[in-house]
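Chains as they are written, first to last, in the numbering used here: chain A, 35 to 477; chain B, 548 to 771; chain C, 591 to 762.
Everything labelled a hint here was simulated from the structure, so no lab data went into it.
Here a beta-carbon is modelled for each residue, glycine too, at the ideal position from N, C-alpha and C.
Don't take every hint at face value.
[To be verified] Using C-beta positions, here's what the derived DEER-type ranges look like:
{"id": "1", "chain 1": "C", "residue 1": "R759", "chain 2": "B", "residue 2": "S571", "range": "18 to 24 Å"}
{"id": "2", "chain 1": "B", "residue 1": "R721", "chain 2": "C", "residue 2": "V645", "range": "55 to 61 Å"}
{"id": "3", "chain 1": "B", "residue 1": "N549", "chain 2": "C", "residue 2": "P728", "range": "45 to 51 Å"}
{"id": "4", "chain 1": "C", "residue 1": "D753", "chain 2": "B", "residue 2": "R670", "range": "43 to 49 Å"}
{"id": "5", "chain 1": "B", "residue 1": "S571", "chain 2": "C", "residue 2": "R754", "range": "24 to 30 Å"}
{"id": "6", "chain 1": "B", "residue 1": "D604", "chain 2": "C", "residue 2": "R754", "range": "44 to 50 Å"}
{"id": "7", "chain 1": "A", "residue 1": "A384", "chain 2": "B", "residue 2": "R670", "range": "44 to 50 Å"}
In case you want the letters, here they are:
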Amino acid sequence: MTLETLVQLARSRTPADRSRVQLATAALAFSGALLLGALRIARLGKGELGNDIYSNYIAESGLRSGLIAILIILAALTGGLAVQALRLGTAARERRLAALRLAGASRKQLRQLTVADAAIAGLAGGLLAGPAYLVLSLLFGALPRMARILPGAEPIDALLWIPVVVMMTAAGVVIGSLLHRDGTAAPQPQSASQRHTGIVAGPVLIALGLLTSPYMGYVGSTIALAGTALLFLSTSGLWIRWLGRRLQRSGDPANLLTGVRLMTDSRPSSRICMLLGSCGFLVGSMANGIASVVADETTTSATSVSFYTTGFGLTIAGLVLIVLTAIAALIVGVADQLVDQRRQLASLTALGVDLPFLRRVIRRQLTVVAAPALAAGLLFGTVIGINRVSGGAVGPFDPGTLLLAAILTAAGWLFGHLGAAAAGLLLRNQLRDALDPENLRAA
Amino acid sequence: MNAVLELEKVEYAYRRNTALRGVSLQLKPGEVVAVTGASGCGKSTLLHCAAGILTPDAGVVQVDGQDLAELPEEQRAALRRTKVGVVLQFGQLVPDLPLVDNVALPLLLGGHERGEAHQAARRWLDQVGIAEDADAVPAELSGGQTQRAAVARALITGPSVVLADEPTGSLDSRAGQELLDVLLEAARYRGAALLMVTHDNLVAASADREIRLRDGLIQHEVAL
Amino acid sequence: MATAELVLGLLSAGPAHGYDVKRGHDTWFPDSRPLAFGQVYTTLGRLERDGLVEVIDKTSGGGPDRTVYALTGKGRDHLSEWLTDPVPPAWGSADEVLRKLVAAIRTGGDAAGFLARQRASHLRRIRELRETPADDDPTSPLVREYIVAHLDADLRWLDSALDRISEQRGAR
Numbered sequence: 035m036t037l038e039t040l041v042q043l044a045r046s047r048t049p050a051d052r053s054r055v056q057l058a059t060a061a062l063a064f065s066g067a068l069l070l071g072a073l074r075i076a077r078l079g080k081g082e083l084g085n086d087i088y089s090n091y092i093a094e095s096g097l098r099s100g101l102i103a104i105l106i107i108l109a110a111l112t113g114g115l116a117v118q119a120l121r122l123g124t125a126a127r128e129r130r131l132a133a134l135r136l137a138g139a140s141r142k143q144l145r146q147l148t149v150a151d152a153a154i155a156g157l158a159g160g161l162l163a164g165p166a167y168l169v170l171s172l173l174f175g176a177l178p179r180m181a182r183i184l185p186g187a188e189p190i191d192a193l194l195w196i197p198v199v200v201m202m203t204a205a206g207v208v209i210g211s212l213l214h215r216d217g218t219a220a221p222q223p224q225s226a227s228q229r230h231t232g233i234v235a236g237p238v239l240i241a242l243g244l245l246t247s248p249y250m251g252y253v254g255s256t257i258a259l260a261g262t263a264l265l266f267l268s269t270s271g272l273w274i275r276w277l278g279r280r281l282q283r284s285g286d287p288a289n290l291l292t293g294v295r296l297m298t299d300s301r302p303s304s305r306i307c308m309l310l311g312s313c314g315f316l317v318g319s320m321a322n323g324i325a326s327v328v329a330d331e332t333t334t335s336a337t338s339v340s341f342y343t344t345g346f347g348l349t350i351a352g353l354v355l356i357v358l359t360a361i362a363a364l365i366v367g368v369a370d371q372l373v374d375q376r377r378q379l380a381s382l383t384a385l386g387v388d389l390p391f392l393r394r395v396i397r398r399q400l401t402v403v404a405a406p407a408l409a410a411g412l413l414f415g416t417v418i419g420i421n422r423v424s425g426g427a428v429g430p431f432d433p434g435t436l437l438l439a440a441i442l443t444a445a446g447w448l449f450g451h452l453g454a455a456a457a458g459l460l461l462r463n464q465l466r467d468a469l470d471p472e473n474l475r476a477a
Numbered sequence: 548m549n550a551v552l553e554l555e556k557v558e559y560a561y562r563r564n565t566a567l568r569g570v571s572l573q574l575k576p577g578e579v580v581a582v583t584g585a586s587g588c589g590k591s592t593l594l595h596c597a598a599g600i601l602t603p604d605a606g607v608v609q610v611d612g613q614d615l616a617e618l619p620e621e622q623r624a625a626l627r628r629t630k631v632g633v634v635l636q637f638g639q640l641v642p643d644l645p646l647v648d649n650v651a652l653p654l655l656l657g658g659h660e661r662g663e664a665h666q667a668a669r670r671w672l673d674q675v676g677i678a679e680d681a682d683a684v685p686a687e688l689s690g691g692q693t694q695r696a697a698v699a700r701a702l703i704t705g706p707s708v709v710l711a712d713e714p715t716g717s718l719d720s721r722a723g724q725e726l727l728d729v730l731l732e733a734a735r736y737r738g739a740a741l742l743m744v745t746h747d748n749l750v751a752a753s754a755d756r757e758i759r760l761r762d763g764l765i766q767h768e769v770a771l
Numbered sequence: 591m592a593t594a595e596l597v598l599g600l601l602s603a604g605p606a607h608g609y610d611v612k613r614g615h616d617t618w619f620p621d622s623r624p625l626a627f628g629q630v631y632t633t634l635g636r637l638e639r640d641g642l643v644e645v646i647d648k649t650s651g652g653g654p655d656r657t658v659y660a661l662t663g664k665g666r667d668h669l670s671e672w673l674t675d676p677v678p679p680a681w682g683s684a685d686e687v688l689r690k691l692v693a694a695i696r697t698g699g700d701a702a703g704f705l706a707r708q709r710a711s712h713l714r715r716i717r718e719l720r721e722t723p724a725d726d727d728p729t730s731p732l733v734r735e736y737i738v739a740h741l742d743a744d745l746r747w748l749d750s751a752l753d754r755i756s757e758q759r760g761a762r
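With the hints as extra help, turn the sequences into a complete structure.
Rendered as structure tokens:
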């Protein structure tokens with residue numbers, strides 16, 4: 035088909051589709067902005083710079099490379115969110131792909147459409163990354179000197195923008211082709227061997243990372259983080275399936291329905307679980323870091339405290355952002371499920387399934403994924419601590435850490451519950467929609 | 548005369564349920580055939596195998612003498628696009644595209660320019676009697692109107708055979724009869740053979756031949 | 591009405607009195623109006639005159655109720671011909687379709703084949719009716735639709751009969 039046709043058919047038209055693409059574009063724009071930041075800072079060169087203008091993180095060349103690395107990592111994480119957003123299929127989209135297949139679209143053409151859809155989001159995101167970076171650097175400029183980790187842009191930086199646009203579009207293409215689901219194959223459940231590998235490999239990588247980080251620096255930290263993510267991915271899958279099976283045996287109809295929905299949706303849920311757990315881990319370890327810095331008597335100078343706190347605080351802020359978006363992705367995934375199961379749900383109204391009941395089910399489904407992931411991540415993160423992760427000196431064990439861990443774990447658990455409760459509120463229209471007997475008349 | 552559609556000992560099973568146990572039939576150019584039978588007899592499955600939507604577990608499906616199984620997926624899709632038109636009971640139009648785009652879709656997918664595809668689509672929408680609805684989306688229209696658009700879409704590439712699965716199934720008797728007339732007229736206009744799966748006797752009555760299925764096999768075949 | 595042919599069918603199992611013929615009819619058609627004796631004897635008389643049945647035993651001094659009738663070879667031929675032909679779909683033929691079907695099943699004839707042919711005949715008739723436009727007066731289209739609808743109704747019943755017979759055959 036011609037390019038014009040490709041673009042025209044790939045465009046999203048329904049409101050649900052559009053918000054999905056908008057979410058992905060926003061994520062990719064933010065990601066692009068972070069990449070621009072990394073490139074901008076890299077442009078400053080390798081030498082030392084003045085501490086009075088720049089934040090220490092930029093001024094000191096050793097820290098600068100670390101900042102660049104963190105920005106790139108954050109950009110990748112935000113890109114991961116774009117993946118989640120694009121992954122969200124809607125019932126309308128499924129129907130549209132089915133109709134296109136019926137009209138004679140080949141598998142290759144359908145793939146081209148999915149890729150084009152993601153590529154357009156990437157292109158838009160890349161183009162928005164420029165203005166986004168300008169806004170971000172202005173915002174960061176208003177913060178105290180230490181916190182200004184995004185330096186202002188100069189006209190020459192517009193040249194940096196071009197590769198970012200290209201990169202984001204390419205990212206879109208890659209995401210689109212990876213995500214393209216061939217209509218005939220059902221998403222493969224994680225095989226048992228994959229799960230077992232994760233459970234064994236996860237802790238092994240974590241241990242390896244923690245042991246080598248004093249010597250290999252960021253490489254070790256990355257290995258540890260990768261191991262954490264892997265561990266969370268495998269265990270969350272197990273946890274969700276185990277819980278799903280248990281709930282399905284329950285006599286309470288709400289539990290039964292929750293269990294069924296968990297089982298059918300286990301793979302995306304476990305991915306989000308992993309994200310939440312990993313973020314919780316990072317937040318916990320950072321919090322541990324802040325606590326140890328504040329408690330440590332040897333570093334009482336204001337600059338030092340603000341130095342560390344800024345670094346950790348900014349990272350935590352970024353991570354919290356990611357957590358929020360991950361929860362949002364989970365919610366949107368649930369909303370999607372509702373759309374797909376409209377007919378089944380509507381036909382249950384005859385059996386007394388009403389709005390409050392369905393809300394309970396949704397809440398349960400979300401809580402069971404979000405709360406344990408956040409709590410577990412925060413617990414491990416706080417206990418293990420940033421020092422071990424980054425390979426720094428490990429101080430004597432502080433019982434205060436356990437208190438902090440307990441508080442954060444409870445906070446994470448609460449946060450998960452709050453998110454689920456908010457979902458019930460946010461999705462009330464979708465829920466009502468899904469229960470509408472009109473759905474029984476549709477094809 | 549060569550058959551435009553030929554099925555030879557086609558078998559198909561859905562997991563534990565064998566829907567077709569070896570069905571053979573031939574469709575001659577311009578012929579109208581009705582496939583009837585109780586629900587579950589396998590008639591819809593037969594149609595889906597003939598349309599290339601399902602791949603049979605055994606047997607051969609030939610369109611205009613070309614064995615579908617011998618073609619790579621890309622060419623098979625292209626063949627289906629140009630030689631086979633499909634009309635289903637419902638749910639076949641892209642929900643968020645206006646009718647003119649929906650009808651033009653097979654041409655657009657085949658690489659035609661938008662302008663000429665749209666022109667052809669509007670001509671066909673006129674042919675089936677809904678020219679004024681060309682820019683509306685399916686959700687805004689009645690079942691009868693969207694089914695007419697489906698007929699237009701099925702015939703726009705000039706296929707040799709049109710396969711219709713319960714084309715009047717979701718319509719009331721009046722709209723159903725009108726749609727049947729539109730379908731027969733359009734197929735005749737293009738010289739396309741027509742295979743209709745139906746449980747509606749009035750639809751079956753308009754065929755040249757009736758093939759009745761039972762439990763995945765042909766129970767009888769009569770000329771009408 | 592095809593009452594004569596029905597009587598032939600009722601006699602196909604073996605010779606019988608007129609009374610047995612009447613009883614047989616009422617068993618075959620429990621929901622229909624019982625066959626009147628008068629009609630039985632009139633029919634038997636006509637059939638005998640036409641050579642389709644013969645009297646094989648006559649109790650002396652008895653009236654027609656003491657006579658035993660039997661099918662002749664000619665009668666058997668006529669019966670099977672009647673069972674083979676589909677009923678022309680005129681108004682009121684439904685009864686004959688039912689009779690024919692029941693008779694076909696009860697006498698061990700080819701019910702499925704008959705149903706297939708009857709179905710084809712009905713479909714052809716529907717097609718004829720739909721292809722020629724009805725006169726443009728107030729009632730002709732109504733009459734036309736009525737006939738088509740009844741034919742359609744007949745066909746739907748024939749479908750279920752066909753299914754039932756196939757099931758029975760499958761079960762056996």
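Hints, one by one, checked against the model:
In this structure, R759 (chain C) and S571 (chain B) meet the distance hint of 18 to 24 Å, their C-beta atoms being roughly 22 Å apart. Under the hint 55 to 61 Å, the C-beta atoms of R721 (chain B) and V645 (chain C), about 58 Å apart, fit the expected range. A hinted range of 45 to 51 Å holds for the C-beta pair N549 (chain B) and P728 (chain C), which are about 50 Å apart. Between D753 (chain C) and R670 (chain B) the beta carbon distance is about 44 Å. The supplied range of 43 to 49 Å therefore holds.
Taking 24 to 30 Å as the suggested C-beta distance range, the pair S571 (chain B) and R754 (chain C) conforms, at roughly 27 Å. A C-beta distance of roughly 30 Å is found between D604 (chain B) and R754 (chain C), which places it outside the suggested range of 44 to 50 Å. Evaluation of the 44 to 50 Å hint for A384 (chain A) and R670 (chain B) yields a pass: the beta carbon distance comes to about 47 Å.
The structure fails hint 6 only (numbered hints given earlier).
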